[in-house]
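Visitor: Build the full structure now, drawing on both the sequences and the hints.
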Amino acid sequence: MGSAYAKAVVDGILTGGVYALMAAGLTLIFGVMDIINIAQGIMVILGAYLSYSLSVHFGMDLFATLIITIPALFVVGVAVEWFFMRRLADRDRTAMSILVTYAVAILIEGGITQVYGVSYLQLHASYVDTSVHIFGFYLPYIYLYGFALAIVLLGALYAVLYLTRFGQSLRAALQDRRAAELIGIDVDRVRTITFGIGIAVTAAGGMVFGATNSFNPNSGYDLISRLLTIVILGGLGSIGGALVAALFMLVLEDVVAVAWSPVWSTLVFFAVLVVVLTVRPEGLFGRAATRAQ
Amino acid sequence: MILKSVVEKGVGKLTGMRTKTNGARGLLLAMVVAAALVAGAWTSGSRAATTCIKGSGKTITIGASLSLSGDFSADGQAFKRGYQLWVNNVNAHGGLLGCKVALDIVSDASSPAQVATNYQKLISSDHVDLVFGPFSSLLTVPSAKIANRFGYAMIEGAGGAPAVFATGLHNIFDVSLIIKNQLITSAKFFAGLPKSLRPKTAAYPTSNDPFTEPQLPVARAIMEKAGIKTVYANVFPAETTDYTPIASAVATTNADVVMLGSVDVPTVSAFIQAFAQQHYNPKAFIATAGPDQGADFLKAVGSNAEGVMVPNGWYYGYANAQSRAMVKAYVKQFGGRPADINADVAEGYAVGQVAQAAVNATHSLDQKKIISYLHSGITLQSVQGAVKFDSLGENVAAKAFTFQWQNSKPVQILPPGDPNSRKPEFPKRAWK
Amino acid sequence: MIPSRTALGVLGGLVALAILVGFPLAFSNPTTTTIAFFVLIFMIATTAWNAFSGLSGYIALGHAVFFGSGAYALAIGAEKLHLSGGWSVFALVPVSGVVAGVIAVPFGLVALRTRRHTFVVITIAIFFIFQLLAFNLGITGGSSGLQTPTPLWTAVGYNQRFYYVAAAILVLTVAMACGIRYSRFGLQLLAIRDDEDRARGLGVRTRRVKLLAFVASAIPTGMAGGVYAYFLGQIFPQFAFDPLFDISIALMAFFGGLGTLTGPLLGALVLESLQQEFTLNFSAGSLYLIVYGALFLVVILLLPRGVVPTLSSLAPRVREQIRRRAEVPPPPDQARDVA
Chain A
28 MGSAYAKAVV DGILTGGVYA LMAAGLTLIF GVMDIINIAQ GIMVILGAYL
78 SYSLSVHFGM DLFATLIITI PALFVVGVAV EWFFMRRLAD RDRTAMSILV
128 TYAVAILIEG GITQVYGVSY LQLHASYVDT SVHIFGFYLP YIYLYGFALA
178 IVLLGALYAV LYLTRFGQSL RAALQDRRAA ELIGIDVDRV RTITFGIGIA
228 VTAAGGMVFG ATNSFNPNSG YDLISRLLTI VILGGLGSIG GALVAALFML
278 VLEDVVAVAW SPVWSTLVFF AVLVVVLTVR PEGLFGRAAT RAQ
Chain B
40 MILKSVVEKG VGKLTGMRTK TNGARGLLLA MVVAAALVAG AWTSGSRAAT
90 TCIKGSGKTI TIGASLSLSG DFSADGQAFK RGYQLWVNNV NAHGGLLGCK
140 VALDIVSDAS SPAQVATNYQ KLISSDHVDL VFGPFSSLLT VPSAKIANRF
190 GYAMIEGAGG APAVFATGLH NIFDVSLIIK NQLITSAKFF AGLPKSLRPK
240 TAAYPTSNDP FTEPQLPVAR AIMEKAGIKT VYANVFPAET TDYTPIASAV
290 ATTNADVVML GSVDVPTVSA FIQAFAQQHY NPKAFIATAG PDQGADFLKA
340 VGSNAEGVMV PNGWYYGYAN AQSRAMVKAY VKQFGGRPAD INADVAEGYA
390 VGQVAQAAVN ATHSLDQKKI ISYLHSGITL QSVQGAVKFD SLGENVAAKA
440 FTFQWQNSKP VQILPPGDPN SRKPEFPKRA WK
Chain C
24 MIPSRTALGV LGGLVALAIL VGFPLAFSNP TTTTIAFFVL IFMIATTAWN
74 AFSGLSGYIA LGHAVFFGSG AYALAIGAEK LHLSGGWSVF ALVPVSGVVA
124 GVIAVPFGLV ALRTRRHTFV VITIAIFFIF QLLAFNLGIT GGSSGLQTPT
174 PLWTAVGYNQ RFYYVAAAIL VLTVAMACGI RYSRFGLQLL AIRDDEDRAR
224 GLGVRTRRVK LLAFVASAIP TGMAGGVYAY FLGQIFPQFA FDPLFDISIA
274 LMAFFGGLGT LTGPLLGALV LESLQQEFTL NFSAGSLYLI VYGALFLVVI
324 LLLPRGVVPT LSSLAPRVRE QIRRRAEVPP PPDQARDVA
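Chains as they are written, first to last, in our numbering: chain A, 28 to 320; chain B, 40 to 471; chain C, 24 to 362.
These are computed hints drawn from the structure, not numbers from a lab.
Every clue listed holds true.
Some residues of chain C that are not near chain A, with every Cβ distance over 12 Å (derived):
#1 Gly32
#2 Leu40
#3 Leu106
#4 Phe113
#5 Val118
#6 Val121
#7 Arg184
#8 Tyr187
#9 Val194
#10 Cys201
#11 Tyr205
#12 Arg207
#13 Arg231
#14 Arg342
#15 Glu343
No farther apart than 35 Å at their CA atoms in a straight line, the calculated lysine-lysine pairs in the DSBU-like style are these:
#16 Lys462/B <-> Lys322/B
#17 Lys264/B <-> Lys219/B
#18 Lys471/B <-> Lys448/B
#19 Lys407/B <-> Lys103/C
#20 Lys219/B <-> Lys338/B
#21 Lys103/C <-> Lys219/B
For glycine and all other residues, C-beta sits at the position ideal for the given N, C-alpha and C.
Guide: The structure is reproduced here in structure tokens:
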């Protein structure tokens, strides 16, 4: 039985990496712009579909497709922010963002359905079905690669945040919008680029998700609630927090599935989440709330 | 507040004020919308009833609500094709009672509130002559209750969970195989193998769904009686997105047989993928739904479809004259290979055939006569085989076949006595 | 002379009431009454939600907990009491409300300790906990759900009975929302929305106020859930506890105008009937989603604050115009002719 638990932990860590990839963009967007991006789920799926088309029609390797899908989704993110998010007044911004991003999500879902239809697809590659045998475990290659990709991309995001001037502006805007404006930071531009980056990273999450799950245009909805909880648990704006929260969530669920039953695993996770949040509302790595801006 | 603004806007207009402000646009929009709604309410009023008199040129309309978007969209689309094929066939052979048949299909986006409105509209506004059922047991009950209130028969092919028949309604007729009994044939097969070949252990993971959950205990009872030990019997949530941990848990048990309670292709393909990754090769793998969806299934799992079993009342190679004709017509209209055809298509087609038989036998579109005819114990023929309804509306004449994918084609393997059953591949080939 | 705000408000209310009562008599087509029924259900839920979230600023995305609990309460009650279909089942509707209210107490005590984004996510988390409980507990029937008794009324007038019960609940809900909005309690909620810490500093008992409003918003939602379950005839966990429900009522309140009284009513009316009509008539094609989403976006961007606040901002401007015109001096010619 011990090996079953160990396997559960390992599975949780590997899958958690995938979720961290999908949630990283969301935490940035949420943290910097006060926007609850309901469309994050469908963006993941969009990334999966784009990778699918590239791999099937041009024979590209799945990871190679990212060279195209990441910039493509960056453009999509910037466009969405420019056309829709800008219009939102600062007051009620969070509330209205739910409306707008929901509408955007429906629109994108419709577009995807129109182009691809409703059948389930999955990304295929030689490393999707194979695994490596380590310490008595079979670790699927795709999850290992996905986890590595998550570390690389999250690390890159982290570097951008802490080692570049843009990152500095972003963190300033995150901390105190008005003060950032006062010292000359073009907060609008920071916002647009942040949104773009947030969606661009999601392309990678989408590719790995698409390789490990069957998906169709409707799959985005199941994802968004999980991503939101990961982001809040980890703390808004914290990349590292998103990673830790994702790992924690998946490991906890997998262990409970073995210890008790899969039907209770999600419930236990949410119960733990509620407990954690009431004790520490800002999440594991979030900044304690200052007076509302 | 609205009234006040309307009054003041009216006053504003009278005094010549320009109305190009943001708020005025909003008011205008709201008024347009309200007007559209009222207009919609008016126009969705009565359309003249169309009862068919031979040679009159009238059309018989058949209404149905299908899930063309949302969770059940893949199946809903397949059902639509099934209904359409049947309509084309009927019209090509002189129509029903001499009149042409037309379909009136609305989408319910897999939502029960929408399905209620849809059937209400079909019956009370469009005055359809017949109604066919929606896809999924989850949507059948509200629909059937509405149909019953207006005296309509509800012939359907995809709402067979026990919950549906617990309503006690007399107007429901499910033309497809009784769901609870789907796995009996395969369970008996495993249980009946000689001791040396018989599997020792079995796992029964199932999705939390009224379609799958009733099936497994029935199969399990048969297998346990034959000494096949149950090593896993957990239920997993229907909305699971990540099946790896569950599949891993099953893989750890190393069961000889896996009977998976699934409702769709993604579930099955996720399990297969995880099993392949874990290098876990059960001797047999049977799933309650998913592998019956033809091309959709093959595309998802590729060569790993080999050896996967599925119970069903139909497959493309069914040795039934009507079925062969339907398959031919399908390929002609929609393309693809016969083996690609989703089993839902046959279910939809069979619904049409049963309705056709009832209408022809009673020479009328009278719902009462149709209902009592279908409850009279008569046996009808459809692309899925024999159809005979018990007092609850279940099809007791449906035979439970089991199919297995062999060389990228579904092949009938059970029941063993059936002349069309080929040899099962047991143990099945290992995953790639 | 322009009548006072209150007088016009009362007049408007009476007109609305007349329309509410007379609608099914004028439009008796069952399709229309079905849609009207669903509109009423959403009006109730949205008004109740807005009374809490709109006034306090705490966006709750878990009210489906109350809706679903009310639905299951009615179904379980009808089963245990062996009720057969008919008017007697409606007696369980207040029970649905009470059950929802009772659930709101621990729910609120836990969730209201957090703020803003955390609050939103906690409500979502508790929602999922309830949905999963509904899936897994025996008493809720698990994945097979529960059925409600089938009334033996004939098709004629069937929907109307449900309509009027929902209408009655709506009137009570609006009265409650009105009472909250125009009372000191409402002011306290608004103070919390604007600046909670300052409100507390000024002596508002924020915890009690928030919890009271939360529970008050739960009760009508629960009742709506009960009536809904009875109307449909069967409930399943994923439909009684439906995340889309949470989003929908939030959308309707935003669309109409958060925090206003008529906003939720307008939002529910427009969005629900539009959505049903749209799906009914146009969804057989796959362009449906694209058009729906695009339409939504266009509307939201035109009215970023919601319909009613935008209209209300129009009113002072119109008044100003009228006043200015009334003060225009007479043309000079007339004055000169006198001499």
